[in-house]
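Chains as they are written, first to last, in my numbering: chain A, 34 to 132; chain B, 37 to 406.
No lab work stands behind these hints: they were computed from the structure. Certain hints may be false.
[Claimed, not checked] Mimicking DMTMM-like on lysine to aspartate or glutamate, the simulated pairs with C-alpha atoms at most 25 Å apart in a straight line are:
(1) Lys39/A <-> Asp118/A
(2) Lys39/A <-> Glu65/A
(3) Lys110/A <-> Asp57/A
(4) Lys227/B <-> Asp239/B
(5) Lys139/B <-> Asp386/B
(6) Lys48/B <-> Asp84/A
(7) Lys110/A <-> Asp51/A
(8) Lys139/B <-> Asp118/A
(9) Lys139/B <-> Asp51/A
(10) Lys48/B <-> Asp102/A
(11) Lys139/B <-> Asp84/A
(12) Lys110/A <-> Glu100/A
(13) Lys227/B <-> Asp152/B
(14) Lys39/A <-> Glu72/A
(15) Lys227/B <-> Glu304/B
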Amino acid sequence: MSVRVKLPTHLRRLAGVDGEVSLDVTGEVTTETVLAALEARYPVLRGTIRDAATGRRRAYVRYFACEQDLSHDPPGKPLPPRVTDGSEPFLVVGSMAGG
Amino acid sequence: MTGVRVLVGTRKGAFVLTSDGARKNWEVAGPHFGGWEIYHVAGSPVDPDRVYASQTSAWFGQLIQRSDDGGRTWRTVGKEFLYDGDPGTHQYYDGTQVPWEFKRVWHLEPSLSDPDLVYAGIEDAGFFRTTDGGTNWDELPGLRAHGTGPSWGPGAGGLCLHTILQHPTDPQRLFIAISAAGAFRTDDGGKSWTAINRGLVSDGIPDPDAEVGHCVHRLAMHPARPDTLYMQKHWDVMRSDDAGDNWREVSGNLPSDFGFPIAVHAHEPETIYVVPITSDSEHYPPEGRLRVYRSRTGGDEWEPLTAGLPQQHCYVNVLRDAMAVDSLDDCGIYFGTSGGQVYCSPDSGDTWSPIVSHLPGVLSVEVQTL
């Protein structure tokens with residue numbers, strides 16, 4: 034399953050990518066499996082979105098898709114079908130906190 | 037020695053400033069890692085091309101960058117800083133106990149003899165080491181196991197291990213300082229530590245002369261006289277002549293003995309520099325006049341250095357890691373401000389001029405003499 038992921042600017046620079054990332058995700062498409070595929074492709078991103086040891090989402094990072102905030106959904110919950118079929122991207126967002 | 041390279045960490049990236057020995061004309065490169073907080077950039081004393089940087093963000097966490105060409109190009113290396121075992125708890129601002137939790141790397145101290153060996157001081161206070169050039173970082177847990185750890189509390193910037201000094205000839209002897217726990221010394225390469233805070237007196241803690249709990253802002257040492265340590269504490273400038281076993285106050289005639297950095301002249305072990313700040317609640321120079329104070333007597337007697345520094349309407353701060361010296365024959369003194377200026381004095385502090393004036397707020401300044 035090919036899933037589109039849109040990263041914030043700093044993480045795109047770290048990963049060395051422009052625009053969206055397209056990831057092949059095996060099995061059920063969930064926040065957990067998408068992030069695992071992302072980190073496997075771009076190891077430099079380990080720990081930047083979720084804690085490398087605990088898997089806990091970083092405080093200033095949010096997950097959006099299909100105009101919904103998925104940040105507080107269980108990591109194993111299936112993502113919306115339009116993300117799964119590639120119609121919509123899964124958004125990793127740095128929260129708006131100035132700076 | 038033909039020139040200098042100044043490594044500047046700021047709130048929005050790293051900058052590399054280079055000049056020849058005259059230190060008049062500067063090449064400015066950066067920002068590297070634009071938009072990220074760069075707490076510290078430090079080069080190896082034995083391989084100046086090897087440079088490490090602590091890159092951090094409240095959003096995306098910690099990265100460590102390494103350069104093998106003097107800061108022109110960089111690559112990420114290991115960034116896992118895991119406490120050894122169950123880290124336990126320490127004191128929070130309100131006096132309750134909270135779990136030890138990694139937040140960021142404050143300070144990187146490359147070894148005096150091996151470019152792959154680097155010590156790291158982190159928040160929440162821990163002492164880490166890499167022996168493979170930054171790929172893997174391991175805690176030396178003896179510091180937190182000192183026994184007083186649960187009583188350590190954070191300074192305003194967090195519970196940070198911000199200073200690491202290496203003895204010039206005995207690699208087993210290291211000094212560190214933590215805000216707000218105090219200073220510690222190891223004589224066995226970091227396995228065990230002794231609190232070295234006798235003589236410190238701090239208001240704001242229940243026992244003003246307690247063994248630990250002092251907000252030490254910075255330590256400095258001259259390699260020719262490694263038993264003499266200088267300290268800028270929250271309040272008070274202090275000196276020890278027995279490797280930290282005992283301290284005495286040397287604030288003397290300073291207009292304020294509150295401040296953050298302290299530095300020692302490269303060739304004169306009794307010449308030291310501080311930047312007085314008005315108070316703990318007013319982090320700017322007294323009277324809006326930016327003055328570096330120099331003592332040529334190892335403390336007690338201080339003279340203001342003002343030539344080239346703003347003497348009105350100046351309300352910047354100079355943070356603890358933001359002052360450094362080069363080792364050219366005419367010793368250069370450098371510091372960076374919260375207002376984004378980096379000043380250089382090529383004549384031991386007699387005259388100053390800005391290298392750059394409009395960087396993001398400066399967190400750290402280090403100098404490599406090339």
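Consistency of the hints with the structure:
Between Lys39/A and Asp118/A the CA atoms are separated by roughly 15 Å; this keeps the pair inside 25 Å, and the hint holds. Between Lys39/A and Glu65/A the alpha-carbon distance is near 16 Å, which keeps this suggested pair within the 25 Å criterion. Of the pairs offered as hints, the one joining Lys110/A and Asp57/A holds, with about 18 Å between alpha carbons and a cut-off of 25 Å not exceeded. For the given pair, Lys227/B sits about 31 Å from Asp239/B by alpha-carbon distance, which is inconsistent with the 25 Å threshold.
Proposed proximity of Lys139/B and Asp386/B is contradicted: the alpha carbons are some 39 Å apart, above 25 Å. Between Lys48/B and Asp84/A the alpha-carbon distance is near 23 Å, which keeps this suggested pair within the 25 Å criterion. Distance hint between Lys110/A and Asp51/A is unfulfilled; the C-alpha atoms sit about 28 Å from each other, more than 25 Å. Taking the CA atoms of Lys139/B and Asp118/A, the gap is about 38 Å. The hint is violated against a cut of 25 Å.
Proposed proximity of Lys139/B and Asp51/A is contradicted: the alpha carbons are some 29 Å apart, above 25 Å. Annotation: proposed proximity of Lys48/B to Asp102/A is violated, straight-line Cα distance about 29 Å (limit 25 Å). With a C-alpha separation of about 11 Å, the suggested pairing of Lys139/B with Asp84/A holds against the 25 Å cut-off. A C-alpha spacing of about 17 Å is found between Lys110/A and Glu100/A, which places the hinted pair at or below 25 Å, so the restraint holds.
Straight-line distance between C-alpha atoms of Lys227/B and Asp152/B comes to about 20 Å, which keeps the hinted pair within the 25 Å bound. For the hint linking Lys39/A to Glu72/A, the alpha-carbon distance of about 14 Å falls within 25 Å, and the restraint holds. A C-alpha spacing of about 32 Å is found between Lys227/B and Glu304/B, which places the hinted pair above 25 Å, so the restraint is violated.
Of the numbered hints given earlier, the model fails hints 4, 5, 7, 8, 9, 10 and 15; all others are met.
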